[in-house]
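> Listed below, chain by chain, are the residues.
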Amino acid sequence: MKTTAILAIGISALALPALAEGQLNLYNWGDYTSPEMIKKFEDQTGIDVTITDYDSNDTSMAKVSAGGHGFDLIVPSHNYLQIFVQKGLLAELDHARLKNFGNIDPKWVDVPWDQGRTHSIPWLWGTVGMGVNTDTYDGDPNTSAIFLDPPEELVGKVNVAPEMTDIMHLTTMYLGGEPCTEDKEMLKKVRDKLVEAKPKWMSMDYGMSDKMGSGDVKASEYWSGAIMRARLQNPAVVYGYPKEGYPLFMDSIALLHDAQNVDEAYQFLDFIMDPENAAMNSDYTKYPNGIAGSEEFFSDEMRAAPEMVVPEEHLANGKWMPLCSPTARDYMTAIWTELQK
Amino acid sequence: MSAGQGQANRTSWSLAAPALALLLIGSIGPLLIVLVYSFMTPGDYSGVQRPFTTQAWEQVFLTRDIFDDTLGWADAHMTIFWRSVKLSVLTAVITFLLGLPTAWFIATRPPDRRALWLFLITIPFWTNLLIRTIAINEIIRNEGLLNQVLLKLGVIGAPLQILYTDTAVLIGMAYVYLPMMVLPMYAAIDRFDTRLLEAAYDLFANRWQALWHVVLPVIRPGILAGSILVFVPSLGAYVTPRVLGGGKNMMIGNFIELQFGQGQNWPLGAALAVLLLIAVGLALTVYVRVLGGAGRADG
Amino acid sequence: MAERRFDPTRLPGFATVAVAVFVLLYLPIATLVAYSFNGGDSVAVWGGFSLDWYGRAWANETVKAAALRSVVIAACASALATTLATLAAVGVVRNRRMKGRAVVYMAINQPLMVPEIVTAVALLIFFASVRQFTGYQGLGYLIAAHAAFCVPFAYLPISARLEGMDATLEAAAADLYATPRQAFRHVTLPLLTPGIIAGAMLAFVISLDDVVITEFVKSAGQDTLPTYMLAQMRRGVSPEVNAISTMLLMVTVVLLTAFFIINKQTNRGKQ
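Chains as they are written, first to last, in the numbering used here: chain Z, 17 to 357; chain X, 307 to 605; chain D, 13 to 283.
It is possible that some hints are incorrect.
As the list claims (entries may be wrong) - So the derived list for chain D, only partly shown, Cβ under 8 Å to chain Z, looks like this:
id	residue
1	I137
2	R143
3	Q144
4	T205
5	A243
6	T269
Said to hold, decoys possible - Which residues of chain D face chain Z? A few of them, derived with a C-beta cut under 8 Å, are:
id	residue
7	L136
8	A140
9	G233
10	Q234
11	Q244
12	G248
What the hints contain is simulated information worked out from the structure, not anything from laboratory work.
Note that beta-carbon positions come from the ideal geometry of N, C-alpha and C, so glycine has one too.
This is chain Z alone, in the form it adopts within the complex (with noise of 0.2 Å):
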């Protein structure tokens, strides 16, 4: 009987999915798309929309390389977004099909990883700094130093998100170096730095909104949007943008050249850039977005977040980080195995 009714589960498990008309697959970051929104566009447009996680950029681009993969959109980023558009693997986009393309804030057109915008559309973007648990100590939060230097309060008390080219990047222009640099005395510089500073280091690990929140880890090197959840757990929690620079980062979605479903696609890009829809978004993630108008839609505690909208003073420090060459790579790598060994 048992074997039965595993053996009919089984079958309909195997049969092939209905290729009903109005579909859409996205293959997005895990956790990185407002339900809400998504029923929006499901009850407006009659589309079933399919989300499958993913939760590297180096794991998406493997799968979407070998092909075969049933996914429309992706959403790299914006480092990873070049080397989708040179390995052939995104469609270039037909901005005529897309009525909503001037909502884009004119800031975030003409970017230097995807110039006027021929391949993708901004989905959220955000910075990587500093989360520092003020309690624990109430110094300056916006340097690099929290990590690279820790001050006695927070000695083994800190964590480092485990992303190899955040922590080069950072160390790098901490030092003073370019990021990306091939240059060996200022790699070495870094190496030093980064080997000096982990005894001191509490862990390597994610999910900072929770442990920081909790008050278990007492600050981190992490991104702006898992900070801010952590602060609204925790109101002793800021976040603090390096004055010797810091990442930003870009998300942006993109169709996909073997997408099956490329009407859907379209719509479902063009309601994105709805600033409405855009804002649910960001509400639900804690993340700005890039379309214009949308912080309208913001709650009021989203339009007062130092995590979401850059302190004036800040906005210099922002870089773009550039995409690394192999040879730089393979640097990085070498210094983080020294590291993580």
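Chain Z is fixed; fit chains X and D onto it per the hints.
What follows is chains X and D alone, placed relative to chain Z:
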């Protein structure tokens, strides 16, 4: 060789064939792809490309120092490898010490109750590995249950830093792999006729001698199977070192993952994996021959 | 002399260790069940009792579908792996002089020896070409991949059971009446059952837990609970997952209880 043996061999092979076919598709075949990759050049930004080269294999053992360009022994790789071996052996020992009494306990319950106890062992594992690991994290973290209780009892004055240490990784791995040790040992002990032990006890002077001479040989296949199921997968463990170890020190699984992920050096990852396979394969052969007695795995 | 007739079921200290093991095994589970009733927003800070997360988990179609998909894959993959492993064990373990026995042994254990990420990347590439060739996009790829790495977990307990199992019984059966098939059905299989149960349970659990291979093999709309959670790790896992896990646990416990009650009554009926 007799005609009977030839017939028996054919039967054996045809019974094993479906499993081997599945493995060929799902595991051995893909491994051949990996073997080929290990002899290729890293693609720009992940993947592989031509020409074929042994560069990745050289990188496994020798690294060119990025600062003074000298070729040196890849001691970072060895450090990572030895940490993995050490933690995996310790995990196997801990799960054995805890698992043997547990398996024994289950196998000596009344027959109609044994299945119930077996299910009780596995139920915790029906919840997902990540969520279980996070739950362990909740217990051992600084503000967690264990430290709170110990502080209240006055056993310790300040919270113990267990989380993000090798101890935490060991606790997590022992927890995760315990059923891999208990179930095969149970399967072996269960078939043991306890009257034999009583008889043996009449012959030998004490119960430990009886255990050693009578029980051990019978449950040896179970120990063998269990320790393999614990040791080998823990070598490639990935989630536990990341969540409980705080990701500060890599194990070989994390290191190989780095090459396929952020490091974007697939050939090196492939070469490391093939090397690991060879090392484990050799270790297993020796282990099975020594502990399993002659004639276990040989032809 | 009472001490001399000792009872092997009561080895000193064994029961204590076993009970301690059971307590330790359930401690994290108890924590996760407790936190599933957390009124707070996080998995780490207690914010009072509430059924909030159950409501949210129940309303979250994605997480429900992912949990169900995990169970379906695990059931199919473990059934397949256990069947094939049993056949292979029966064929190989008793035939000690089999040609190529070591090869079979190594082949069966091979999935254990390769870190998941490696099999995952290779399977991704292999299955991608199969997908493009056949156009088939279903769960079959995940089931096949899971079944493959479940084989050693099913095989080893079964072979440990078979190893040294008294072969004379089957010989006797053969002498009496039985074809090899009958001998297997009526003699070997019943004796083998504890090994098969142990193997199937391990295979099921291993499949249920898999993250890395699933992450690489899945295609559109095929997230399982582990891959869903993996993708959440950066933001922090929401207590929704605790609630879903607790619900799965409850279903398991109810099914098991029912199974044992029915079993008991059938046994009673037979007597």
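> Please check whether Q144(D) passes as an interface residue: C-beta within 8 Å of a C-beta belonging to chain Z.
holds (4 Å)
> Is the interface hint satisfied for R143(D)? The criterion is a beta-carbon contact with chain Z at less than 8 Å.
The hint holds - R143(D) has a Cβ within 8 Å of chain Z, the shortest such distance being about 3 Å.
> Does the closest beta carbon of chain Z sit nearer than 8 Å to the beta carbon of T269(D)?
Violated, because the Cβ-Cβ distance from T269(D) to chain Z comes to roughly 15 Å (cut-off 8 Å).
> Going by Cβ atoms only, is L136(D) closer than 8 Å to chain Z?
holds (5 Å)
> Grab the minimum C-beta distance from G248(D) to chain Z and call the hint holds if it beats 8 Å, violated otherwise.
holds (4 Å)
> Under 8 Å, Cβ to Cβ, is where T205(D) needs to be relative to chain Z, so tell me if that hint holds or is violated.
Nearest chain Z Cβ about 15 Å off; hint violated.
> Holds or violated: is the Cβ of I137(D) closer than 8 Å to a Cβ in chain Z?
Since chain Z brings a Cβ to about 5 Å from I137(D), closer than 8 Å, the hint holds.
> Return the status of the interface hint for A140(D): holds when the least beta-carbon distance to chain Z is below 8 Å, violated otherwise.
At 4 Å from the nearest chain Z Cβ, A140(D) passes the 8 Å test, so the hint holds.
> Under the criterion of a CB-CB separation shorter than 8 Å, is Q234(D) in contact with chain Z as hinted?
Given a least distance of 7 Å, the restraint on Q234(D) holds.
> For the hint on A243(D), does the least C-beta distance to chain Z fall short of 8 Å?
holds (2 Å)
> Identify whether the interface hint at G233(D) stands, where standing means a beta carbon of chain Z within less than 8 Å of its own.
holds (4 Å)
> Taking the closest Cβ pair, is Q244(D) under 8 Å from chain Z?
holds (5 Å)
Hints 4 and 6 from the list above are not met by this structure, while the remaining hints are.
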